[in-house]
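From first to last, the protein sequence lines stand for chains A and B.
So the number in my numbering is just where the residue sits in the first sequence, counting from 1, plus 38.
So the number in my numbering is just where the residue sits in the second sequence, counting from 1, plus 14.
It should be emphasised that the hints constitute simulated quantities derived from the structure, not laboratory data.
This structure is a prediction, so every number in the text was calculated from the model and none was measured.
The C-beta atom is built at its ideal place from N, Cα and C for all residues, glycine as well.
Careful: at least some of the hints might be erroneous.
To be verified - Label-pair restraints from in silico Cβ distances:
| hint | chain 1 | residue 1 | chain 2 | residue 2 | range |
| --- | --- | --- | --- | --- | --- |
| 1 | A | D56 | B | Y27 | 45 to 51 angstroms |
| 2 | A | P108 | B | T67 | 39 to 45 angstroms |
| 3 | B | P79 | A | P46 | 41 to 47 angstroms |
| 4 | B | Q56 | A | S100 | 23 to 29 angstroms |
| 5 | A | T142 | B | S37 | 18 to 24 angstroms |
| 6 | A | Q118 | B | N44 | 34 to 40 angstroms |
| 7 | A | A58 | B | K66 | 42 to 48 angstroms |
| 8 | A | L134 | B | S118 | 24 to 30 angstroms |
| 9 | B | P54 | A | E82 | 16 to 22 angstroms |
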Amino acid sequence: GAGVSQSPRYKVAKRGQDVALRCDPISGHVSLFWYQQALGQGPEFLTYFQNEAQLDKSGLPSDRFFAERPEGSVSTLKIQRTQQEDSAVYLCASSLAGLAGEETQYFGPGTRLLVL
Amino acid sequence: LAKTTQPISMDSYEGQEVNITCSHNNIATNDYITWYQQFPSQGPRFIIQGYKTKVTNEVASLFIPADRKSSTLSLPRVSLSDTAVYYCLVGEPLGSARQLTFGSGTQLTVLP
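Assemble the whole structure, with the sequences as input and the hints as a guide.
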């Protein structure tokens with residue numbers, strides 16, 4: 039596709055429910071990032087993949103958050119036993135190469151998660 | 015990670031030039047300075063990136079002084095559609111790619 043796509047765009051979950059958020063990066067992009075954006079705040083880094091390898095997950099707020107990218111393309115962010123504080127927009131971004139340098143990250147539209 | 019400081023909000027009028035300054039006093043030697051724009055209900059969009067001196071593209075200019083402790087995003091002749099949040103970021107290598115740290119950004123409101 040022409041850009042990064044994410045699905046669903048909106049998700050309402052009951053507290054305690056598990057959710058899965060999908061990201062389709064730009065074809066051929068090596069690097070994939072997940073961010074969490076609270077209302078009125080800038081995006082905060084969650085985790086990063088280079089191809090299928092998860093190289094950094096230091097931003098994941100708890101062990102209820104899990105991300106995978108098994109074939110080095112599509113990625114899924116899973117949140118188990120959702121809590122109200124998980125309500126946020128979850129953004130996915132991809133960049134072309136895995137080489138050091140000034141890579142531009144291309145963002146998807148995000149998934150807005152509301153936990154009731 | 016280098017921390018950035020930028021104004022919370024700015025107002026301007028259509029047709030004016032807007033300059034948004036960002037401070038990044040502890041920028042590292044390998045860091046690049048990048049600006050993103052975000053509209054409501056959309057993901058951030060890359061505007062411009064630079065390392066030093068001046069960079070210009072079809073959308074904006076980026077001025078970086080010699081000490082690199084600050085940078086200024088310049089938007090020429092803004093229009094109503096430029097109303098958005100603008101983020102200044104400095105990036106460090108993360109393994110073999112770049113991690114971005116966003117602050118709260120600057121809400122630019124362009125008035126008619």
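Checklist entry - Out of the numbered hints, which ones does the structure contradict? => result none
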